[in-house]
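Enquirer: Got chain A sorted already, so can you dock chain B onto it with the hints?
Line by line, the protein sequences are chains A and B.
Its first residue numbered 1, the first sequence is counted upward by one per residue in this note's numbering.
Its first residue numbered 1, the second sequence is counted upward by one per residue in this note's numbering.
It cannot be assumed that every hint is accurate.
Distance condition first, Cα-Cα at most 20 Å in a straight line; then the derived SDA-like pairs of lysine to any residue [stated by the list, open to error]:
no., chain 1, residue 1, chain 2, residue 2
1, B, K42, A, D40
2, A, K57, A, N77
3, B, K42, A, I12
4, A, K9, A, L39
5, A, K57, B, K42
6, A, K57, B, K2
It should be emphasised that the hints constitute simulated quantities derived from the structure, not laboratory data.
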Amino acid sequence: DSGVTQTPKHLITATGQRVTLRCSPRSGDLSVYWYQQSLDQGLQFLIQYYNGEERAKGNILERFSAQQFPDLHSELNLSSLELGDSALYFCASSPRAGGDNEQFFGPGTRLTVL
Amino acid sequence: QKEVEQDPGPLSVPEGAIVSLNCTYSNSAFQYFMWYRQYSRKGPELLMYTYSSGNKEDGRFTAQVDKSSKYISLFIRDSQPSDSATYLCAMSGWDDYKLSFGAGTTVTVRA
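Looking at chain A on its own, in the form it has when it is part of the complex (with noise of 0.2 Å):
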């Protein structure tokens, strides 16, 4: 168990839909990364979140966003659902938010967009 929580873990939706996926990291770590895994694309990057603020940004789509709360827990909004938007999301966390960095993953969030 990495401490690292994810709700829910499945999710089963219709085309058009809008799902919130939630995080919440270690005790502790300050930034939390949200990744993509599908089949074809491996694991890709989202976005990434330090202390509140957003720090990075990867291949999201504009149709997603995502934000941090002040007690740290994290939210990954995934709107106008697409069936190509069928994957695991996977929330990381770390203590820092530079490259030395270990990252602890959650047991994710298995979306099926039908």
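Expert: Just chain B now, with coordinates in the frame of chain A:
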């Protein structure tokens, strides 16, 4: 060409064998190198974390980094059926906020 290349396998070995995994990369700015283990439908679990070139050993696991060749390896000694999983290499640079992952190698250890 991908930034991090990893042979997806699959790799099948008998119990007790040495498992050898590797990745190559193209970005010379990478300084931190990691190996994660991922069981089916679970989150990646950090196995090894190394900085720059050299070797690191932790129990049955040994990680090697050769920055001059842009090549990293993971060796698993005395492999067990419980080692059956997908192994992902990952790396980042000094100022990177993200990890760049390989595609993952699926390993099966046969009892």
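Enquirer: Work down the list of hints and note, for each, if the structure agrees.
Expert: Each hint tested on the structure:
{"no.": "1", "hint": "B:K42 / A:D40", "verdict": "holds (17 Å)"}
{"no.": "2", "hint": "A:K57 / A:N77", "verdict": "holds (15 Å)"}
{"no.": "3", "hint": "B:K42 / A:I12", "verdict": "holds (18 Å)"}
{"no.": "4", "hint": "A:K9 / A:L39", "verdict": "holds (18 Å)"}
{"no.": "5", "hint": "A:K57 / B:K42", "verdict": "violated (24 Å)"}
{"no.": "6", "hint": "A:K57 / B:K2", "verdict": "holds (19 Å)"}
The structure does not agree with numbered hint 5 stated previously, though it agrees with all others.
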